[in-house]
Every structure is written in structure tokens, then in C-alpha cells.
Amino acid sequence: MEGGIPLGSTVLVTGCSGSGKTTLCMQFLFNGARKGERGVFFTITEPLFKLTKNLEGFGFYDKKLIESGMVNIIDLRIISERLGLDAEKYTVEDAGALLDILKDIADELDVKRLVMDSITALCYRLQTREMIRDFIFKLGTSLAVMNCTTMLTSEVPPQTFKFSQYEIEEFISDGIFFLGDVERRGDLIRTLQVIKMRGTPHSRTKFSMNISSQRGIELMPLLKSNEFESFLKR
Amino acid sequence: MADAVIEGIRERVTAAIRVNVSVGIQVPENRHADLLEAIFASMCKNTHDMWSFVTVSKSYDYLKKSYKEIEQYQNIRFIDCISRAAGITAKHHTCTYIESPGMLEFIVLELLNSFHGTKPDTEKFIVIDSLSALMIYNDPQIIREFITLLMNRARSENIHVISILVEEEMDSNKIIQMNDKIIVLRDSFID
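These protein sequences, in sequence, are chains A and B. Residue 1 is where the first sequence starts when you use this note's numbering, and the numbers rise one by one after that. Residue 235 is where the second sequence starts when you use this note's numbering, and the numbers rise one by one after that.
Any given hint might turn out to be false.
To be verified - In silico DSSO-like links for lysine-lysine, alpha-carbon gap of 30 Å or less: (1) A:K162 with A:K224; (2) A:K196 with A:K224; (3) B:K415 with B:K279; (4) B:K279 with A:K63; (5) A:K50 with B:K279; (6) B:K292 with A:K224.
What the hints contain is simulated information worked out from the structure, not anything from laboratory work.
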């Protein structure tokens, strides 16, 4: 990508479990914080202690950035509890209230980078497809005026070339990063592909993605020779 | 006599790699150990150069035991592609372990990472031991692609590449032709 993600964009980071979505988003926040851009990570899937424990092994992780408030990690389930919402099921009003709170937090902290992990888990708490659709479009509208660069993670089943669970999430996103894997003789190799990124020219090739404890996410063009064969097998 | 042969191989490889970006060395199986000894001698002698040695045929643990001096040198880094696949869980600060010899992109990544922070005037060298062993775990077509990627990255970063081919594995014969220079070592004399 030439010059990185354009400021203020919303990127859907999509992939199956274990594809590296959370690590990618965390590295995005910590790297931003080092450049003076405050960030917030909203989680609805993992408890805070577990998230931070997993981060401790990475070279990009810096506890001081959390302590100084440059990186904020917030559990949405705790916020729901404090708002008196049913953490498992949201009504339209609940979802609206939650969205307002998210916006207020982001404004108050003056964040430049925001992550929501995951939009799939959040939408799972909504009862109907219409509610999900309505919530996602409202979220899109809110993010558009927030003046911060956002990553929304989206969970999809393994070995599928699908960007989201509800097939609406991609329409509010300026960019889509697809994290997948290819199997090569029994080895699973993580991959990353930028499907779209509005506002900047970018490569659409598939990269192999390494998650290094020292260096975090690393990319190298994926060797293509076996890919067609693996696609046919699939 | 053996020392003289090893010294001869060392001089030949050193001379070739100084003037060519990539050198392929075709060696019979029974001379493989001599070639490794010659290469390690070169690495230890030129401490101002930076070397990354990719081992696919023997584990780093084994190399350390066989060539005791190699772990003392700060200018030599190892990338072991075979230990993890063989269930060996050893760790060493001068060695990076790749999960599987099939994860070729990660070998390139680790090679490039191993040269991070080196001074601009440092000569950088990569040794792949061996293309034949990589062929056991990968299809020939993907090895060709891997070598092409590696050579292109190496050329752009001024890194010299030495790739070893054990002669008995003639399937990989075409791949070694991708090098700028090919040295063929014979059973009884240096060709």
C-alpha cells in the first residue's frame, strides 16, 4: 500500500479464528501510539487480562503505552453491564446506546486509531437481520464522522473466501484486509490480501504472513506455484 | 591431505562468491561434509563479513556438535528448517528455527531479518544447505520460485548467495542452473 491506510478510513479485517486479526489490530494501535496517535481497542470476545497476557510476548507491546493512556483497552461487556444492558442480547435501543457510548469514549479520549474486536460478536447479540443491518449502517455513519482510522474485525469460517458473517459489514468499510491460510503439504501458511482500500493504490497480491514474537506481523509475497493445485483440491 | 582439499575448496568458493552474486555448488554426497567444513572455515576466518546459513539437511544441534567453533562467532547466524519438523525443540540464540522446510517464504523473511542492522559496508552472504534437501519437502516448481524470489531480494540488497546441491539428487539439477556461477566438486579432485 502506498503510504499506508488513509487517515479516517474504516478497514474490515476479516479472517477465521487464529488468522492473526487481533494481533494485526493491536500492532496497528501500538505502532500508532509510538507516533503519538492515541488508540482504543474495544473487545467483546476476550477478557482484558487474557488479551494483555497474550500481548506480553510481542516486541511491539509496551506496558507504558497502556499505563499512559496512549493505548486503551476496553471490554464492551463491562460497559454493557454498567449500562444495565443484557450482555447476551441487545435490543435496537441497547445497540444505539452502546454506539453512543463508544462514540463518546472515542471523542473523550481523542483517539486517532480505533479497533472493534469483533463486529461479528457484537452483531451476534442482535436478534434479527434487520437489526444487524440497521446497527452496521449506524456504526458506519458514526465512524465516518469520528475522524479516526478504524479497524473492525470480522470472523468468517475457515477456508472460505467470504468477508463477513452478515455480508453487510464490507459495505461500510473503505478497505478490506482478508486474512486466510493456504495449505502446503500439510503446513498451514497464514496469508494477507488487501481486497480493497479506497484512497490509495495498493497491491492485490496474496502475501504470506508471519507472526513473529519479536517483530509482530511480517509479510512476504506468497509463492504461487502450489496455490492453483491447492484451490483445485478444495 | 584432507585439510589441503578443504582449504582448496574454501579458496575456490571464496573466490567465486566475491565476484558472483550467486554461486551454486554441486557436490557428491561423500564430499558434502568437506564442503561444509570449508564453508564454515571461510565464515570463521572472515569475521567482518555477515553470514546466514540455512540448514535443511542437518539440525543446528548436529552442526554445532560437528563443527564446535561455529557457535562462538557473532557474524554467523543459522536458520534451521529441519529441527522443528523432526520434533527437536532445542533453542539457541544464534539460530532461528523455522516450523517446516515447506514454509519457504518464512525462510526468506528470516534471512532478510538476519541482516538487519548490519553496517552498509559489511559483505553479506547466504548459504543454502541444500537445494536437494529442500526438494524432499517441496515440489521443484515452488523451489524454482523460491530461488528466484531469494536471488532477486539478495541482488537488491547486495547479498551473495551460495546454494549447495547434493549430486545424487539430480532432480534439482535445473534449479542450480539459476546461479551466476556453478562449481562442480568431484569425488576425488576439484573440477
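Inset, instruction - Against the earlier hints, flag every one the structure doesn't satisfy and list their numbers going up. - result: 4, 5
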